[in-house]
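Asks: Line by line, the protein sequences give chains A and B. For the first sequence, my numbering assigns the number -5 to the initial residue and increments by one for each residue that follows. For the second sequence, my numbering assigns the number 150 to the initial residue and increments by one for each residue that follows.
What the hints contain is simulated information worked out from the structure, not anything from laboratory work. Because the structure is a prediction, the values reported are computed rather than measured. Among these hints, one or two may not hold up.
What the hints assert, rightly or not - Have a look at the derived ranges for each label pair, beta carbon to beta carbon:
(1) A:GLU2 x B:LEU367: 50 to 58 Å
(2) B:GLY235 x A:GLU26: 20 to 28 Å
(3) B:GLU307 x A:GLU34: 53 to 61 Å
To be verified - To be clear about the criterion: a stretch of chain B counts as covered by chain A if any three or more of its residues have a C-beta under 8 Å from a C-beta of chain A, and this derived list gives those stretches:
(4) 232 to 242
(5) 312 to 321
We put the beta carbon where it would ideally sit given N, CA and C, even for glycine.
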Amino acid sequence: MKIAIPVENKSMETTVCQSFGRTPYFLIYNTELKDGLFIENDAATSQGGAGVKAAQIVVDSDVNALLTPRCGENAAEVIMAAGIKIYKTVNDSIMDNIDAFNKGNLFVLTDIHAGFHNHAGK
Amino acid sequence: MKIAVLSGKGGTGKTLASVNLAAAAGRSTYIDCDVEEPNGHLFFKPGDIKYERITIKIPFVDDRLCNGCRKCVDFCVFNALAYVNGRLKVFDDICHSCGGCVLFCPEKALSEKEKDVGQIQKGVSENVTVITGILNTGEASGIPIIKKLLNDADKALEPVFIDCPPGSACIAMESIKDADYCILIAEPTLFGVHNLNMVYELVRLFDKPHGVVLNKCLEGENPAEKFCMEKGIKIIGRIPFDSELGILNSNALIAARKDKKYRDMFSSLLQIVTKEAQNETVINP
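Sequences and hints are given; from them, build the entire structure.
Replies: This is how it looks when you write it as structure tokens:
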């Protein structure tokens, strides 16, 4: 399984980013090979529509699941159209979330918000 | 002559001033550009209303022609397009109607379709033509409606009074673009000064002749008045904090039509504005 997680930095010690659309990086992690790579999120600096563009990046990374604290409705529409499942992260730790995913302990993200449109409260 | 009435926030008295100025002017045009919550019509209660739909153009994809090259997705700086699972998705709410994707599509798979964003209502109240822009709930931008309102203003009976949206953002800029004179309405508080400064900076940026009307004036110190003195901004009128005026206005009545006292007040304000605007045209034609 390949999963995507929005992360603050390019290291496994970094934390999960609270924003999906404007996260600086995505970790693309292969759970079988236990190996990941970090990709830049070009959408982070866009004026608008960051969620859609970030979702396109995730879709193009060919993952099976997205682990994120939250997700806006436009981004979710793109992700779900690609058949990618969205799970809610349990805490800030990358490894905790990967472990929880592997054990099947993560819940599907249901509270898809209407989008913060540059007004995200951190 | 087109006179725009603006302020840094809502509730300062833009509608009070523009409605009463238009009423005092007699034969004139009142345009409500506060398309997110137009309320001038509540005072004028215009009759003989004509409706006009306002639409914008958004892309529409023919899936049979789209080959997934993604030129449109890469082109769109607003990120209104995504290509997923062999299909192009268009996000109407994000689209800014630039039309670029349609031009760039090498397969001619994209065309444009009309999308309703609001309407314009045009009616008559005594001898004032009342034109109201109304943005549909949930729509992101009132600009297309304001553009249409002000395009029509060129043919309107002058003087034209433009009741602007609050603040100094794009929609306020669009509303004052063609104005000959801007009236800034200010409240006598520190908060009022902050908001006045926002629109003051805006009219200076647009190089518009302008003057301030101090609203809700009380006895004692007026921070907005002090600000005008310091900056050398002309004060062209004062509206008292007066319960009689407040009651008329709260009952959606036009004070200038109900009471000679207020008619005289707004008529003299109109005279000053007219003179100021004409002076400006002589000095800076």
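Asks: Each hint: holds or not?
Replies: Hint check results:
Separated by about 52 Å at the C-beta atoms, GLU2 (chain A) and LEU367 (chain B) satisfy the suggested range of 50 to 58 Å. Between GLY235 (chain B) and GLU26 (chain A) the beta carbons are some 26 Å apart, a value that agrees with the proposed interval 20 to 28 Å. Here the CB-CB span from GLU307 (chain B) to GLU34 (chain A) is close to 56 Å, well matched to the stated 53 to 61 Å. Counting residues of the region 232 to 242 of chain B whose beta carbon lies closer than 8 Å to any beta carbon of chain A gives 7, which meets the minimum of three for the stated coverage.
For the region 312 to 321 of chain B, the assignment as covered by chain A is violated, since 0 residues bring a beta-carbon within under 8 Å of that chain's beta-carbons and 3 are needed.
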